[in-house]
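Q: Put chain B with the ligands on the given structure of chain A with help from the hints.
Chains as they are written, first to last, in my numbering: chain A, 33 to 1011; chain B, 33 to 1011.
Rather than coming from a laboratory, the hints here were simulated on the basis of the structure. There could be a bad hint or two in this list.
Identical copies go unnamed one by one, so any copy, or any two together, can satisfy a pair.
[What the hints assert, rightly or not] Only pairs whose alpha carbons sit at most 16 Å apart, straight line, appear in this in silico EDC-like list of lysine to aspartate or glutamate:
hint: 1; residue 1: Lys958; residue 2: Glu971
hint: 2; residue 1: Lys483; residue 2: Glu118
hint: 3; residue 1: Lys847; residue 2: Asp111
hint: 4; residue 1: Lys977; residue 2: Asp962
hint: 5; residue 1: Lys117; residue 2: Glu485
hint: 6; residue 1: Lys977; residue 2: Glu957
Number of protein chains: 2
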Amino acid sequence: MVLLGRGLLAVGRVAFRRPMIVRHLQYDAFVDRHIGPRRLEQQQMLDFIGYKDLDDLTGTNVPNMIKAEKALELPAPLDEYKMLKELEAIAAQNKIYRSYIGMGYYDTIVPAVISRNILQNIGWISQYTPYQAEISQGRLESLLNFQTMIAEMTGLPTTNASLLDEATASAEAVALAARTTKRNKIVVDSFCHPQNLDVIRTRSGPLGIDIEVSDSIEGYAFDDKVAAVVVQYPNTEGRIHQFDELIESAHKNKSLVIMVCDLLSLTILRSPGDLGADIAVGSAQRFGVPLGYGGPHAGFMAVAKHDAKNALGRNIPGRIIGVTKDANGNRALRLALQTREQHIRRDKATSNICTAQALLANMSAMYAVYHGPQRLTEIARGVHKSTAYLAYHLRNAGHEIVHKDYFDTLKIRLKDKAALEETKKRAEEMKMNFRYYEDGDIGVSLDETVKSEDLMDIIYTLNGATEKDVTKLREERWEVACPLIGNSPHSRSSLFLQHPVFNTHQSEQQLVRYMKRLENKDVSLVHSMIPLGSCTMKLNASAELIPITWPTLSSIHPFAPVEQAKGYSRIFGDLEKWLCEITGYDNFSLQPNSGANGEYAGLLAIRNYLIHKGEEQRNICLIPTSAHGTNPASAQMANMKVVVVDSDHHGNINYKDLAAKAEKYSNQLAAIMVTYPSTHGVFESSIRDVCDKVHEHGGQVYLDGANMNAQVGLCRPGDYGSDVSHLNLHKTFCIPHGGGGPGVGPIGVKKHLAPFLPGHSVVPVDGRKVGSVASAPYGSASILAITWAYIRMMGPVGLREASQVAILNANYMAKRLENDYRIVYKDEQGLVAHEFIMDCKPFKKHGIEVVDIAKRLMDYGFHSPTMSWPVHDCLMIEPTESEDKAEMDRLVEALLSIREEIRQVENGSLDKHLNPLKMAPHTLEKVTSDNWNMPYSRELAAFPKPWCTHKAWPTVGRVDDQYGDRNLVCTCPPIESYQ
Amino acid sequence: MVLLGRGLLAVGRVAFRRPMIVRHLQYDAFVDRHIGPRRLEQQQMLDFIGYKDLDDLTGTNVPNMIKAEKALELPAPLDEYKMLKELEAIAAQNKIYRSYIGMGYYDTIVPAVISRNILQNIGWISQYTPYQAEISQGRLESLLNFQTMIAEMTGLPTTNASLLDEATASAEAVALAARTTKRNKIVVDSFCHPQNLDVIRTRSGPLGIDIEVSDSIEGYAFDDKVAAVVVQYPNTEGRIHQFDELIESAHKNKSLVIMVCDLLSLTILRSPGDLGADIAVGSAQRFGVPLGYGGPHAGFMAVAKHDAKNALGRNIPGRIIGVTKDANGNRALRLALQTREQHIRRDKATSNICTAQALLANMSAMYAVYHGPQRLTEIARGVHKSTAYLAYHLRNAGHEIVHKDYFDTLKIRLKDKAALEETKKRAEEMKMNFRYYEDGDIGVSLDETVKSEDLMDIIYTLNGATEKDVTKLREERWEVACPLIGNSPHSRSSLFLQHPVFNTHQSEQQLVRYMKRLENKDVSLVHSMIPLGSCTMKLNASAELIPITWPTLSSIHPFAPVEQAKGYSRIFGDLEKWLCEITGYDNFSLQPNSGANGEYAGLLAIRNYLIHKGEEQRNICLIPTSAHGTNPASAQMANMKVVVVDSDHHGNINYKDLAAKAEKYSNQLAAIMVTYPSTHGVFESSIRDVCDKVHEHGGQVYLDGANMNAQVGLCRPGDYGSDVSHLNLHKTFCIPHGGGGPGVGPIGVKKHLAPFLPGHSVVPVDGRKVGSVASAPYGSASILAITWAYIRMMGPVGLREASQVAILNANYMAKRLENDYRIVYKDEQGLVAHEFIMDCKPFKKHGIEVVDIAKRLMDYGFHSPTMSWPVHDCLMIEPTESEDKAEMDRLVEALLSIREEIRQVENGSLDKHLNPLKMAPHTLEKVTSDNWNMPYSRELAAFPKPWCTHKAWPTVGRVDDQYGDRNLVCTCPPIESYQ
Ligand SMILES: Cc1ncc(COP(=O)(O)O)c(C=O)c1O
Ligand SMILES: Cc1ncc(COP(=O)(O)O)c(C=O)c1O
Ligand SMILES: O=C([O-])O
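The following block holds chain A by itself, in its conformation from the complex (with noise of 0.2 Å):
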């Protein structure tokens, strides 16, 4: 690129002052679609703050002493279009081949309309957690739908709105059942998926959980150790199990049962609810979300109500949305029981989990809106049949079907075992996929996609030889006897999904309309910026969006042969390479799904170096107090102990405690978990000296990388004394939070860790093959192409760009705001990082809480700021570089404007209880009303600024948590509440 100077081109009168880069036949350079401010703003904002340039605002902010010393070494930027062929070609090295894999994983048809209107629409998948629940009950009702589904589909009462996966989940479930139970062994079916058998081992470990693996789990003689039992139904061959016994002397003893099921095999199979099981996991894949090379798919889980008390119930992992009533008494939505969550209860929490998977969920949800209950049926009655009329046909042929109970997989003995890799041949001849079993067995898994055309295909490949006649087939498919229809002792009889929400939106305009609606009730960035403090809510540009729907990216079974996946293997390997280039780390796992599952990770990685040093001893975990909940939560998982470490006040880690600590636990010292920049939003200088210092007493440092997107180019972990981070790409790397997931959260370590990154039985990773922290080798593995094309697009150059426009940003706002709200930290020169704290305390003496200006902000149109966390009573605002001036200025307007009317309220010219920001959000229905009886006015109330009339109204009032809490509803109302 060749700099030109300021305004090469006089086009215009409008005056464009900023430096003309003139692209060599380059279209466009994303770089400037990504960054909100235009240069000439950039300079506006740097002048009112006082600094000459970009590098001047952050060679002040960036401590000289981690200062990087050089450019990132990445490719140079492409535009978008260029960008967009390059990994065109690059996906299309991938082969598609069709899936009779199963495991888990099963090729579906995503209806056209929820791929366009959900996962294509930047309006469904660009919003955070529901943490504002006014402004989010489009979301929060179709999570309802997903819990309702789970609940009925299961039989199984309480549950929750996803989690990350399946062998998380049944990870999860087996965490869950040795604490509620207080035992701690837990014996699993070894007819699992191999994938759910690992996690459960990987995350057992830690926590002092024996695995017994069972073979004969049928007959199983439990003894008053077992928290409970763990089977696959249908299980891993495909075969379906008589659980009644199992279950009932499981219960006899105390212990509790864990069904890992599969979704669609339910509508015909008795749910887990009517044999009696406890906990039943899984994952809604198969439900309308693609295979995407492992993910990212939601998990669920559900539990059975034993007693009044809900004691699984309120012992869940993760999100759970609940029903409760708003202030003027409507029904309402918004995130129950938080008290179990990480942020609140950190090393105590039940989980460490909090980004989700809240996209997928609402995917799998609104696949079953539009199916119902009876299409449901049809499709998995279906699938049953095509696989009765295999079977037929390859006992005909002589081969021995192993199992006589399936559903949709069959085990198969070749006739002539010798035959094997002549069928191998003819299946990679026809592209298909199969199971290889060890034992020269070979597995099919249908699903819906299957057509009478590839079932000649496989019965060819399998018998040799078939006269091809689609049409016989078609015929004789519906002679075959099925084991799952007529009189089987597995049928289902109990019903599911009779809410009018699954009866009701079967045409496609109806549904488009209902998925408008909720669309529509939510605060997305297609709305106004979202200035969540930690979160990153930057841009999630188109052209970094399109590739994930690509059939050569979505449609691949994450266990295929590697063969087929070159195109994959080229993206990760992209990856892996720029974000060591990025964090200054040796070697990076793509694996752990979500920031959490990272750190969780990362620090079973210190923990296994320690062991293998032979320092098993070293088990504390130093936490400064403004952590983030989920690394305590990973800490307590990952078996450490943690010791919390104060903060001075400036915001930083008390350097002396941290000194004092390290020392009195030298010999105990396993690691420090520290947030760069801190989450008080500061570039600590001592982050070198921390490192050092925990080094010294034999610990290792785990830098939380949630921070990173005010780093990228400017400094990097791995060159300051960080020895692993995790990097939540759904932050700083642009994937999308979906509303609560998906996330990505890879981990990069120094060499001396990399042995300890998590492997995969199924597919080695690397080499490794034990230690997996995900059902899929390579987690979400799909949406790894968002963060792909965000690096591709930004090169080195623009890379840095954005760090340091989110730095100036951030500083922007704070000065801007300074006069009016306490900026809680600043570091010593003044400046904030990325990110900022304003103390609302103040307030309080006059009856103001920091909750009152969240919601009072909604009438302003503006998503709230992080709330309350990491300092109590204050906002954390994080606008991120992808915001223009004009938005922020807004932004600030409004918190001026209520800083305002918080006055109005000291000074008495605003009552005190009846005041707009008491009652806030006020709703289009309240400021419309014929009995406005307010002392306020109804303008006020709605449109306090001109800009006000773009906004997006909060659709319920605020919502009372604690009656919701109290009376905890996690399903749909019951169908007579329609009646």
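A: Leaving out everything else, chain B with the ligands in the frame of chain A:
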């Protein structure tokens, strides 16, 4: 399919009493997604209107005489998944070469953010033409941006919101020139693109305009017969002429100058306005709209204002968006000067154009909003520099560059003419398409997608060999002299796109929010039914829309060698065959790119057939009073004289009057144009007699197929006597209306008319080379895939059922409403067809006009039915088959509630003037205002029904049409007004 009776699956308590269709391995029946009412609801509605089943209803409704005798022979339906696979394979037969053909079509980079959020967003594409301005301010603003862009790029102040394409725009300009100068000779530069010349020829003949084609336009000697001269700028060989003298001498002779121009070049070339031209036309395609094998793209026209009367401006064809104010005195936009248009002026209209290219105009306008003046200029300079660089290297290699003044197009005379074949072979190998002139020269046109690598490939192809050093090229390219950069007499100096809208949405975040804000101002099908009679606002399914953005369909130049378009050939072939089967015609032409253009092409076929038969004197076209305005307007353009035929009190054609007039004009009778079912919404039983009578007197029958939605599978125009019809694929066949286009109006004809269907001189159609009515041989080719997908998924049974349910829905609504609103026309059995007319005249005596009802419906959240057409003071409702019962019931409820409000005005409980009807629509601003001073309540104004809480709000109060027409403003306000 096997019908297994009702309620096969006892899944639920909710009784699904619909015939269960077992689909053999078929995933899903699209027909169930397309049709709104579930079977149970259909039965309820049938019971209500007193019919046993659908066949009973339509068997009564459709006159026996015309009933189809057999089921349609169309392929059995595919579900959306299979359909997409099949269409993907067909589309893959198209070969995507790099296109350097030029000739008015250029590859372009559709910004991903625009593609995703407009073209792929049902919220932007499923609106109708903005007849109801108060709920259309979003796209009205975007179309105003389009007009501003066109006005400023061309330097001519009055413009419109798109025409069909460049060639029809050229022909419209010719007609406009002839009309305003009252002269009838037009001189056309022979170096116009051939397709422009062709359509000018086609359209001028019938209007009595003489076309003189001149090979040396620069020195043309004008005389006082010349209405205008038409030049292409730059011309088809890429040459830029010096037009100052030509324009001066034209003006001396009071002739007008029409410039057909390239939008991108105008960023650096002197604009038509700067040069003194009177009319500029062209295509906005290369502003971010895919090639799409020819369309759809927005044509444009802008005209000079020579005098206060603005003669050209007030005579411009097509829709003009104009600025006005609303009832509250706020700025509002709406369609301006509608009195020029066919729906008011009929055969005196300025054009027959109705549906235009609103969606594509919006895309192009957003492209300009996204890039702004500076980036647009940069793009143009980049293209130009590449062209100059290419010229330099070709000259160096000894080739001749025929014209020295060019923008992006070179005519290349090979050093060695004999090398042509070899060059062509290399081009083929490199997958590049050039233009091959008849004289052996080669044409190369560059565009914004051309990368360094492409330039290297072009140079290699033409020069035979070159070192492929891309980096070197990147450097060198900036050294080469460019004809338009530096001191060129052609250089533009005037400013353009200075308005804030083109200078403030240039980060993606900003643009997304801007587009969303506009989207959310408009009512589209995602909100509620749009019951516009005659407009058929049915479902536009996602699966139908997905293919149009596949590169295999969107990235082909319409003049690419036909061997490269095998996929398209297959789609066209299927469609022609299927449409013939559906209509009973023998041949189809897919070229007309709107219904009106189809009418024109059909009438032209009749006219040329008659001339061919030696009956040129036949020039009378009988048209019923109830006909759509396009009918008489098209007839006039086809040189026919309109004679109006009366209707009887049933709304049928007055057969006696018809017979008398056919008799009277027996010798001159050319045709009748009749809509069936009639625009009055009835199946006239006399239709066969009408056809026979006309034939008896030697006339041809043109059956306007806009109402084909009531006929598909039930009766076929070709069977009951019609000779030619257009279909509105954007009505019956699911192409979305795009807020005012695109449309496709293919025509079907009986065999005798087939030779007179449109041809194309560049790409002959079935051997036909003349008579083209559109720029591209297959018109808006890319969106034909939508119709293909629809028919493929519905199958013969589904299509028929759609017609039946459309009729059921209309009859259900009519019966529910008839006690409160007189249904103006019914057939002898008391039935309506697929739409019906409600009389609102009786309310006039109480001061309530039909417009008051229309506007009041907005308060209920509904788009008004068609207002005062075809019968004054009435509303015409067409529900379509895609609307479910609940939605129709809501609209009924709204209309009954409004009827009650009218009664209250009658009986005085509501004020005569200050009532919710007269004051409608009520904006949010109004109902939340502190100064509510209406004698009725806010709640009555805002939420007359509980379900109104979901409504999309009107964003302005009632617009003032007169004010805007008196003070015509059709561009964004001047920049000063923002400061
Ligand atoms: C500082 C910090 N660490 C860790 C996390 C956890 O990341 P995730 O939500 O992806 O599990 C967050 C998430 O918000 C965070 O802000
Ligand atoms: C009966 C009838 N004929 C013709 C047309 C013209 O079609 P188009 O708008 O596509 O030009 C219409 C359009 O509304 C119509 O309703
Ligand atoms: O989601 C967070 O807790 O940041």
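Q: Looking back at the hints listed earlier, which ones does the structure fail to meet?
A: 3
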